[in-house]
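**Q** So you can see what is in the structure, the chains are spelled out below.
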Amino acid sequence: MNVFDQWRNAAVAKPLAESIRSIAGERPIRIMEVCGGHTAAIYRFALQRMLPGTIQFLHGPGCPVCVTGTDFIDRAIAIARAEKTTVASFGDLIRVPGSTLSLAEARAAGSSVEVFYSAMDALEWAVHHPDRTVVFLAIGFETTACTIAAALSEAVRRQVKNFRILSAMKTMPGALHALLSDSRTNVDALILPGHVCSVIGSQPFEFIAHELRIPCVVSGFEPLDILESVRMLSCQLVEHRCEVEIQYRRAVKPSGNVAAQQIMEQMFEPVDMTWRGLGSIPASGLGVRREYSAWDAASLAGKTAPSKEPPGCRCGDVLRGSIRPEECSLFRKACTPDRPRGACMVSSEGACAAVYQFAGAEDEH
Amino acid sequence: MNVFDQWRNAAVAKPLAESIRSIAGERPIRIMEVCGGHTAAIYRFALQRMLPGTIQFLHGPGCPVCVTGTDFIDRAIAIARAEKTTVASFGDLIRVPGSTLSLAEARAAGSSVEVFYSAMDALEWAVHHPDRTVVFLAIGFETTACTIAAALSEAVRRQVKNFRILSAMKTMPGALHALLSDSRTNVDALILPGHVCSVIGSQPFEFIAHELRIPCVVSGFEPLDILESVRMLSCQLVEHRCEVEIQYRRAVKPSGNVAAQQIMEQMFEPVDMTWRGLGSIPASGLGVRREYSAWDAASLAGKTAPSKEPPGCRCGDVLRGSIRPEECSLFRKACTPDRPRGACMVSSEGACAAVYQFAGAEDEH
Amino acid sequence: MSTERITLAHGAGGESMRRLIRELFREAFGSPELQPLADAALLELDSRQAAFTTDSYTVKPIFFPGGNIGKLCIAGTVNDLSVMGARPVCLSFSCIIEEGLPLAVLEQIVQSAAEEARGAGVSIVTGDTKVVARGECDEIFITTSGIGVRPFGKGLSTDGIKAGDAILINGFIGDHGISVLAARGNLSMQVKAESDCAPLNGLIESILTESAGVKWMRDATRGGLAAVLSELAEDTPCGIMIDESSVPVRESVQAVCELLGFDPLHIANEGKVVMVVENAEAEKILTVMKRDPLGAHAVCIGEVTEDSTGIVRLKTPVGTVRRLHRPAGELLPRIC
Amino acid sequence: MSTERITLAHGAGGESMRRLIRELFREAFGSPELQPLADAALLELDSRQAAFTTDSYTVKPIFFPGGNIGKLCIAGTVNDLSVMGARPVCLSFSCIIEEGLPLAVLEQIVQSAAEEARGAGVSIVTGDTKVVARGECDEIFITTSGIGVRPFGKGLSTDGIKAGDAILINGFIGDHGISVLAARGNLSMQVKAESDCAPLNGLIESILTESAGVKWMRDATRGGLAAVLSELAEDTPCGIMIDESSVPVRESVQAVCELLGFDPLHIANEGKVVMVVENAEAEKILTVMKRDPLGAHAVCIGEVTEDSTGIVRLKTPVGTVRRLHRPAGELLPRIC
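Protein chains in written order, with numbering that gives the first Met the number 0: chain A, 0 to 364; chain B, 0 to 364; chain C, 0 to 335; chain D, 0 to 335.
Since the hints were derived computationally from the structure, they do not count as laboratory data.
Hints may be right or wrong, so weigh each one.
Said to hold, decoys possible - Short, incomplete list of chain C residues facing chain B, as computed with Cβ under 7 Å:
| # | residue |
| --- | --- |
| 1 | T6 |
| 2 | G13 |
| 3 | S15 |
| 4 | E98 |
| 5 | G99 |
| 6 | D158 |
| 7 | K161 |
Every residue gets a Cβ at the ideal spot worked out from N, C-alpha and C, and that includes glycine.
Chain A extracted, bound-state conformation (with noise of 0.2 Å):
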C-alpha cells in the first residue's frame, strides 16, 4: 500500500465512472486536454475505456518537447558544433528529429551535448566547466519556465559567464486562446494543466470560460483527478455552465504561486514564439529580458538552412487535436519511440508516444 494508491483505486473509479454516465448520458463530449501529463495518465490508465463511446479525449498542445519546432533542433545543433560549446538539454528533446539530425545524432558525430534533469544542474556544471560556453535549451511551459528563471536569476547573481539560455519557453494561455479561437478546433471542454496552474493560477485561463464559453477544469493528473475532472466538466456542459473549477485542490490556487510568477517575470519577458502545428503566436513565449541579454544565447545562434519536417509526419495535426496518432500513416511503422521520426512520438507525454507505448490490449498484436 503506498500514497499513490487512494488516487489510483477500482473501488472508487467505477463507481465514478458510473456517475459521469448517467450524467453525461448519451450526449457527445469531446474534451481535450492540454498538459503532456494528462495524455499520457489517460493512456496509462486506459481511462477512454471507462467511459461511454460518447466522451472523447482530444490532445491539445501541452508536451513541451512536442511543441518545440524543429527550427529550435537545428538552432542547437548549429549552436553544439561550435568550438569550446556544450548545449544542455533535457533528456528527451535531444531524440527530437531535426531537419537533418537530432542532437542525440550530433553527439553520436562529434558534438557536445549534456543532458540534465533542471537548469539549475547545468549552471552547475557551466561552473565546474569555465573554459566551455554552457547554452541551455529552455523549452517548456510556465512550470519549467519558473525553474529555469531561478537558475537564470542565480547565473547572474553569481555572475556566470559562460551559461546561456536559448529560449523556447512558452506560455499556456496565449496559445490557447488561438487554438481554441480557430474555427476549425472542435471543442466541447477543456481540462486545464494542472502543473502550469500551479504557478500562475487558474485566473489567466478565466477567458475560455467567459469569453469562449468553454467550460474548464484544473485536474490534477491521478486517474481518479482526471476522472473527477471528467465529470465536472460533464456537469457543467449538462448545467449550461462555463466556468473554470479547480479539481487539483490540493496543488493549485486561483492565483497560483506568486513568488514564481515574480522571479519569471524578472528575468523574462513576452515575446512571439512559434510552437510546433500551430505556428507563431504573438507573445505566446518568454525570452531573455534585455538587461540579461549577456545570458541570453538567441545571438549565438548562426543561420541556419530553412527547417524541413519530416515527410509525412503529422505532429502538428496531432497537436492541434485535429487527427488522432493512429491516423498519421507513419504511426507504428516508420515512426517509433525507437527511430520518432516526429516530436510527438518522443516523448512519454507525446500524444504518439502514449498511443504507441498503452494502447491496444484489445486492438493489436
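Dock chains B, C and D against chain A, hints included.
**A** Just chains B, C and D now, with coordinates in the frame of chain A:
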C-alpha cells in the same frame, strides 16, 4: 639471414676478441663509453664476457634520460598542472621519478601528458589542438637536438604559437671535459658516442686526445663495432698513441653533418646546464635563442619547491662511472625497471636498466 | 598503498601487473583453479550439459546504494545462469581499468566481487586485466562470463506453458535502476532507493529442488519486467495478463518514476526473477521464495491466458485493461 | 545504413538493440546455440574436462595491418584454450561500444570475428552489447571468453620437462606488437610489418594428434617470448638455454626494435606458440608444424638444461651467454 647478422657474428667476434686479448696482454684497461646505446649493446651482447677481466667498461653520462635532473621533471610536472597545457614528452622520460611524482603518475592523477617519438610529431599535435599550449620536453644530446631544432624551425616558419620547448638539451664535449678533468675520474680510454659524432663530427673531441691524453675511438653500436673499437683503443694504449680514431666510418665524418649543425646554431644557443651526477657545467646545454623566446617554455615554468633526490639513489655516482649499478644498495631491490627509483633504471639506455635486464646468467637468480 | 593509483604499467604484462594479480586478484578470489598466469583455467564439470553466458558491466557511477560494479557483475552473471536452470559453477573476471583509478577503489570492487562470489558459492577461475590511458574508458568496466551445469531445469522452456499458469516475482521492482539514477547525483531530490543487486542462485535452486512446477523463468534486467513479459508472450501460443496493483513497487521508486515520466515496469532490476509456474504449485513456490530474504516480498502478479495470444495485457489499478509493451527508446544509459 | 552511427539507443535494451543483435550479430555469428535474447547459451560438451579463459581486447588502433580487434579477440581466446591442450568449442563475445562508432566499422569487426571463428571451427554462442557515451571508451572494446574440452593434452604440464627437451616456435616473433605500433602512425618511418594474429588450434591439434612428444606450450603474447620462457623456467627444476641467432625475427621488425630500444624477445605476438618437446620428437613435430602455413618458419630455438635452474639463458649472436629476463616496465600500451 638479415642485415644485422653481418655485425653480430660469432665467427668474426671470436677471433677479434682473441686479438684484443693478445694485444692488451695483462694490462688493465678502463674504457668509458659515454653513449647509452653503447652501454645497452655491451650488456645485451654480454661483450664483457668475451674480453679478459683486465679490460673493464665504465659507463659514462651518455643516456639522455638519465642525465636529466630531478628539477627538470619537477618543472615539467608544474607546467603540466596548468590549465589547457599539455606536456609532450619522449616515452621513457615520463617514468623518471621527480621529487614527489613522475610525469606518468602526474598523468594518472589528471595532468595532460602525451608521449611522442619525435618533436615533429608533437608539433603536429599542437597544430591539431590549437586550444592547448603544448610544451615539448626537449632532452637529449646533439643527435636529438638537431631534430628538435628542425621542429622548432618549422614551428617558427608556420607561426605555431601554442608550441613551446622546455629545454634540457645537452652537448657532449663540454660535459666530457668536466668529467674527464675531474681527478676522481679514472679512465684509460674512451669510446666516443657514434650518433653524436655523426652530427657534430669527431673534431670537437680532439681535445680529449690532445689535451687530456686519453685515446678515443668513435664507435658504432653493433657488437662487432664495439669489439673493433676496443681493439683500436688497446692498440693506441699499447703504442702510447692518443688520437681520435673513427671506427664508425659508415656514419661519421670528422666534420660531421654541417646542415644539422647549422640548424642547431640557428635555433639554439649554448647555456649552462645541470647534469644529474655532474652538477652544473658551463655552456654544456642548448637553450632556445632569444629571438625565438615566444617558443621558449622556460618562462612558463613557475616556481617549484627545491628538488629532492630519491633517498639512497646513487644515479649520480653511476653516471660519473664511480660505481657500477650493482653497487647501489637500491639496485634490483627497491629499484627495478617496473618501479624505478632513479633515472638510470628507467631508460633502456640507462646503465642500471641494462644491468638489470641483461646481466647475470651465471651469477644470479 | 592507499594513495596509489593504477598506471599503464599495471596492465603492461610486467612486474607491476604480476604483483597486482598476485596481491589483489588471486588473494581476493583465491580459488584453486585460479592460476592467473596460465592462459586458461582447467575444470572438471559435474555434467556435460552446461550453460554459458557473458555480460559487460559499465554502470555509472561504479558505487551506488546497495552495491557496486564488482558486486553487480557477479550477481548478474550468476543470475543469467540460474534462470536457465543451471547451477553456476565458475566465472571469469576481466576488467578494463582507466589509468589513474585509485588502487583502493579497485581493491574495494574486487573485494565486493570476491565476497559476492563466495556468498553465491561460485569460483572465479580465470581473468584478465587491461589498463587504458586516462580518458580512454570511464573508471572501470568489467566483463564476467560464467559456466553453469544443468542438474535441474531440463524441462525449463516456454513449451509447457499453458493458460492458467501463474506468474510470480520475488519482490519489489525498479530498485536498481532508480538507485543508480539517484546515485548520479543529478536528481534534485533525495531518493531512498537501494539496488536489489543480488545473486539468486540459492533462491532458484531451493525452488527447483522443492517443486517441479516451474516452467520458465528470467531475471528482469535491462528493459525491466515489461521486457521479460513481452519476450515471454512472443514465445508462447498464449497471452499474459498482469495485475498492476499486485506488482510490488516501493513508494520512493514510484515517486521518482512519476516525476520523470518512467514506468516502473520498464526499470531495470538486478535481483528479480520472473517465473511462470503451474497454478497448483504457485502457493508452495511462493512459500519457498518467502523463506529466503531475497524473496520476502514474493507475489503472484498475473497469469497466462488463453486469449490475446502473443501479447501482454495489464489490468490497471482503476480496473481498465491496456496492453503492456517493452520499453522503446533509450531509458537510462549505463545502469548495468 | 552505411553512414549510420551507433547511438546510446543501440545499447538500451529496446528495439534498436534488438535489431542490431538480430541483423548484425546473429546474422554474422549464426550458430544454433546463439539465442541473443536468452540469458545464457545451453551447451552439450564432449567431455566434462574443460578449459575456460577470458581476455579483454583494447587494441589501438582497432584496425592494423594483418587484422583488427574482431579477428584478434577470436584468435587470442582460441589460442589461450589451445595451448592448454583443449579443443576450443565455443566463445562468448561481449562488446563495449563508444557512441558514434560508424555502424559500418562495427559490421566489419563483427564480420572479421565471425570469419575467424568459422575458420577456427568454433561457435560464438552468447554475447552482450553495451554502448557508452562518447568519450567514455575508445571506439570499441571486446571481451571474449571461451570454453574448450580436453580430449588431448592430459599430460601437458611442466612436470615432465627434463634436460635435453627441445624448445620450438612456429615462426617469426614481434610482428604483432610492431605492426600495431606502426599502425598508430606516429613512427616517422615506414614499417613493413603485419600482425601474425591467427588461431593456432588447427596447428596444435595436428601436432598433438601426430606426436605424443609435446610436454608443455604457451602462446607468446604480452611480454613476448621472454615472458613465456621466464615463466617456464620458474616453473621447472631445470634451466632454459636459447640460441638468439636461431630465433626468427624479420628484418623490418628488428630495425624498428633497434631504433626504439626494444628487444624483439619482449614484443607481443598473437599467433606464436612456444613448445617444449621431447628431443627425439622435435624433428617430427617441426615437420608437422611446417606443413601448416602458420608454422612455415617453425624452428628449434633452444633446449632445456640441467644447470642454471629456474633461469633463462640466451646465447647471443656473438657467442656470449647472458640471462634473459621478462620485460619490466611499460613497453607498448594497448597492443591487445
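**Q** None of the hints should be skipped; say for each whether it holds.
**A** A quick look at each hint next to the structure:
1. T6: Where the cut-off is 7 Å and the nearest Cβ of chain B is about 5 Å from T6/C, the hint holds.
2. G13: holds (5 Å)
3. S15: holds (5 Å)
4. E98: Where the cut-off is 7 Å and the nearest Cβ of chain B is about 5 Å from E98/C, the hint holds.
5. G99: This hint holds: G99/C lies near chain B, its Cβ roughly 4 Å from the closest one there, short of 7 Å.
6. D158: Constraint on D158/C not satisfied, violated at 54 Å.
7. K161: Not OK, violated: K161/C not within 7 Å of chain B, min 59 Å.
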